[in-house]
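Asker: One-letter residues, chain by chain:
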Amino acid sequence: MKLTCDEATALCDKNQYNETTLWEKVKLNIHLFLCKKCGLYSKQNHVVTKCVEIHKDSKLIKEDFLSEEEKEHIKEELEIKINQ
Amino acid sequence: MPLTNKQKLNPTKWVILHADYLFNYTISRVSNHDIAKDIVQDTFFAALKAKDNFQGKASERTWLIAILKRKIIDYYRKINSVKGKAEVKMSFYTDGDREGEWIEECVPTNWNNEIEKSIENDELGVALEKCIEDLPEKYAMVFKMKTIQQFETEEICKELEITSSNLWVIIHRARTQLRKCMEESWFKN
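Just so you know, the sequences run in chain order H and E.
In this text, residue positions in the first sequence follow the working numbering: the first is 1, and each later residue adds one.
In this text, residue positions in the second sequence follow the working numbering: the first is 1, and each later residue adds one.
To be clear, the hints were calculated from the coordinates, so they are not data collected in a lab.
Counterexamples of contact, computed for chain H against chain E with all Cβ distances above 12 Å: (1) Leu22; (2) Trp23; (3) Lys25; (4) Val26; (5) Asn29; (6) Ile30; (7) Phe33.
Calculated cross-link-like contacts (lysine-lysine; reagent style BS3-like; alpha-carbon spacing at most 25 Å): (8) E/Lys69 x H/Lys75; (9) H/Lys71 x E/Lys51; (10) H/Lys43 x E/Lys180; (11) H/Lys37 x H/Lys27; (12) H/Lys50 x E/Lys188; (13) H/Lys71 x E/Lys69; (14) H/Lys50 x E/Lys130; (15) E/Lys69 x H/Lys81; (16) E/Lys188 x H/Lys43; (17) H/Lys36 x H/Lys25; (18) H/Lys71 x E/Lys49; (19) E/Lys188 x E/Lys130; (20) E/Lys180 x H/Lys50; (21) H/Lys81 x E/Lys51; (22) E/Lys89 x H/Lys56; (23) E/Lys130 x H/Lys43; (24) E/Lys180 x H/Lys25; (25) E/Lys117 x H/Lys56; (26) E/Lys180 x H/Lys37; (27) H/Lys81 x E/Lys71; (28) E/Lys49 x H/Lys81; (29) H/Lys75 x E/Lys71; (30) E/Lys89 x H/Lys36; (31) E/Lys89 x H/Lys50; (32) E/Lys117 x H/Lys43; (33) H/Lys71 x E/Lys71; (34) E/Lys13 x H/Lys75.
Which stretches of chain E does chain H cover? Using the computed rule of at least three CB atoms under 8 Å from a CB of chain H, they are: (35) 9–16; (36) 117–125; (37) 176–185.
Quick reminder that beta carbons are idealized off the backbone N, C-alpha and C, glycines included.
Take the sequences, apply the hints, and build the full model.
Answerer: What follows is the structure, given as C-alpha cells:
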C-alpha cells in the first residue's frame, strides 16, 4: 500500500499517458498528499508534458529525408551486391 | 490481386520504390539521420541475401518492412547492451535503508513561476530538445516513440520486444532525468 518516492513518481510518469489503473491512482494520490517532494515532481512533470506537447511539431520532429546523393550511393552499393 | 499472381522481387528498383518509405519509418524511431540511413541500407542488403525465402505472398514492401523491423530490434538491443557509459542519471537511492527515497541533489526545487508561464517560447523548445538528446539513446528512443510519436504501449513493446513494465521503467527514468535537466537549463533562471 505504501509507496516509495521512486514508485510514486513512476506512477506519476505513467499517469502522464493516462495509463494508470484506478488502484494505482488511489495509491499515487495518497502519496502525493503526504509527500511534498513528489507533489512538486508531479506538478512539474505536468509542465514537462505540456512543453513536449507544444514543441513536438516545431523543434522535435524535424523533416528529415534521404538526399538524392544518399539514395544514389545506396543504389550503387546495392547494385554491386546484386552483380556479385 | 488474384492469388495466382505471385509477387516478385525486383532488387534493382528497391531504392527508387522503397527507400523513402523505409527511411521515414526508421527515422520516427531512431531519430538520427545517419543511423537511420545505415539501417535502411542494411535492410536492403539483408533482403537481397534472403531473397530466395520470399514466397510472394506479401507485397515486396511488406516483406522489406518485416526485415526492417528486425533491424530496428537489433539496433535497440545493441544500444541496450552497451553497459555503463549509457546509463541514465538516477534520482533515487537504489539500495540500502534509503532505497526508493530521493537523492538530495535530485529533489525537485521550486521553479520560477514567470518562466513557467512562457512555455511557448522557442528557446524553451531548444532547451527541451537538448535535454532529450542528453538522455542515453535507448531512453530517448522509447521516450520519443511514446511521447512524441504517441505509439500505443503495446505497439512499442511488440516492436522492441520489451515488456510493458520494462517500458514504464524506461519512461520513468527518462522523465526524472528530463525534469531535472529542464530545471537546471530553463526553469531555475
